[in-house]
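Enquirer: What follows is each chain in one-letter form.
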Amino acid sequence: MRLSSSSNEEVTRYSPQTSDNDKRVVVAPATTQTKIKLSIQNVNAWFGKKHAVKGVSLEVKENSVTAFIGPSGCGKTTLLRCINRMHEMTPNAKAEGRVILDGVDVYDKSSDPAMVKRRIGMVFQKPNPFPTMSIHDNVAAGLKLNGIRDKKLINEVVEQSLKGAALWDEVRNDLHMPGMGLSGGQQQRLCLARALAMQPEILLMDEPTSALDPIASSKIEDLVQQLKEHLTIIIVTHNMQQAARVSEQTAFMYLGELIEYNPTRDIFKNPQKELTEKYISGRFG
Amino acid sequence: MSSSNNPSSRKEKSSGERPSKAGNNFRQTFQEISIKHASRRRITNKIVSIIAIVFVIGAIIPLASILFEVIKNGVAVLSVQFLTQPPGAIGSDAGGIGPAIQGTLITVGLASLIGAPIGVLSGVYLSEFATTSSVKGPKQRAISFFANTIRLFNDVLTGLPSIVIGIVGYVAIVLALNSFSVWAGAFALSIIMIPIVSRVSEETLKLVPNSLREAGYSLGISKTKITLFIVLKNAKDGVLTGVILAISRIAGETAPLIMTILGTSLFFTSLTGPVDALPLRIWRLASQPYESAHGFGWGAALVLILIILALSASIRLIARGKGIRVRTETI
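These protein sequence lines are chains A and B, in that order. Per our numbering, residue 81 is the first one in the first sequence, and the count goes up by one each step. Per our numbering, residue 294 is the first one in the second sequence, and the count goes up by one each step.
For the record, the hints were derived by calculation from the structure and aren't laboratory data. Some hints here could point you the wrong way.
List time: in silico DSS-like cross-link candidates among lysine-lysine, alpha-carbon distance up to 27 Å [as the list claims (entries may be wrong)]:
(1) LYS189/A with LYS518/B
(2) LYS206/A with LYS526/B
(3) LYS516/B with LYS189/A
(4) LYS518/B with LYS224/A
(5) LYS231/A with LYS526/B
Heads up, incomplete: computed chain A residues facing chain B, CB under 7 Å, no partners named [to be verified]:
(6) PRO171
(7) LYS197
(8) MET202
(9) THR212
(10) LEU225
(11) MET278
Since we're looking at a predicted model, the values are computed, not measured. No residue lacks a Cβ here, since even glycine has one placed at the ideal position from N, Cα and C.
Turn these sequences into a full structure, and let the hints steer you where they fit.
Expert: If you want it as structure tokens, here you go:
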């Protein structure tokens, strides 16, 4: 799996600020043109007394795909839910730290949690379309319930979003049918369309393909590649091949700590930490 | 049976045999046990099924016999005159139960208009708002104490004898307005209704999967709108069942009505005056010594049952219609 010495030089160049005595501050490679869209700074999260995320810091570039990998219970989903302030909706949950989106901390007192969620969309592990709503209404729900009444605009956004989720051709004649009538893979793309309808700048995907078969999964993966043209994507995945296929950056987490955050090819070909290497080579986790 | 077999197998494993052989021995032991168990299981299965069926029949017998008796004795007196006319002279065959039907519809309707929204909203509060997402602090402890107190009151109120609620209605409204009135009856009935609706609503709303609330939050929708248009909409059937259950219960209440609407043989005149009701009429007719009055009583009981049946059927139909009617292009 590992490449030999030739890539070591490249690695040091890619992670200039990594030092052994401060493994918690791992900074993404600084490339020249791309803008930093999201900066997670020393985020801690708790469930009651359980310390689920321990002082994680990382930066995410605009229009990139970042993958969070790690064994079950390592805090990757919790970290993801801290980004759009979803974590704090859980009873007894607490989050601390700074999540800077375009220079503004989403945890700032002046920031509205609902506004944060409108800018940072989310797709969940299990497809969760609204059972009482039609396909059209599922996609339109976010717009309508946020006060948008212009039917023409809504219909346009619904069509755009369904096209963006590659579902339009399959459902264009059944928009009034219940969303629950779709197959699992279609439901997940419906949820993706529902998130896209809010025109988010960042899309968080929490193991979006773990409940889907390989064909439906590869459709979602293709979509991720298309969608990153317009938005920044962070994807949590159990599937290391998936992380390798879709992401440019990969963060490996273990027991609530960020162990390594580097370009995906480096993580998989030349991991810096022993833990990372053990995990990606399948020796634990 | 199994206890006699297990120690021997364990001994074999610990005596240092190769694992594969020990595994085979276990398999053999388990197969023997399961074969022995299989016949016993089949017999037990049969016996339990028979017992269950016997008890189900036992539960249905009184219900079916009441229904049968009511229909047998009640159908004979049903007529347009019976349904629309006020009661005739005592002991005569003339007249009907018109005012009682009208009074029941008005009183129960008014009570539902007061009780259902309060009950549903209190259920919504208990399920959706009484838990806060913040880490345990004094504020959350106060809220959960408040919620638990409401739940306790709900349970106590459900178990309260309805005559006590009638007395409350009498003291609070009849004495205050100085007249038996529809308002007092509706007030008493709504008090009976609220805890039932509240409890059923709370339990139903708690069954709505949290993933739907999270989906709503992830779209930046406000909690109020999520509760109304996503959570409550998904729990609609259960909540409606609770409301129907409560309406059926109060439609059959007699004791609180004696203390509040009194009962009369005249048609409805005003909300501040006395009115008749079917349970009251049944009670009056049954306590008369005349054969014809008893026949009318059976008829009134049948009408009451039919009204409750029609009410729950129509509420369900209306609710279902709303679900289907959605046409996306026109929204």
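Enquirer: Evaluate each hint against the coordinates.
Expert: Hint by hint, here is what the structure shows:
no., hint, result
1, LYS189/A with LYS518/B, "23 Å, holds"
2, LYS206/A with LYS526/B, "21 Å, holds"
3, LYS516/B with LYS189/A, "19 Å, holds"
4, LYS518/B with LYS224/A, "10 Å, holds"
5, LYS231/A with LYS526/B, "22 Å, holds"
6, PRO171, "6 Å, holds"
7, LYS197, "4 Å, holds"
8, MET202, "4 Å, holds"
9, THR212, "5 Å, holds"
10, LEU225, "4 Å, holds"
11, MET278, "6 Å, holds"
The structure is consistent with each of the numbered hints, conforming to all of them.
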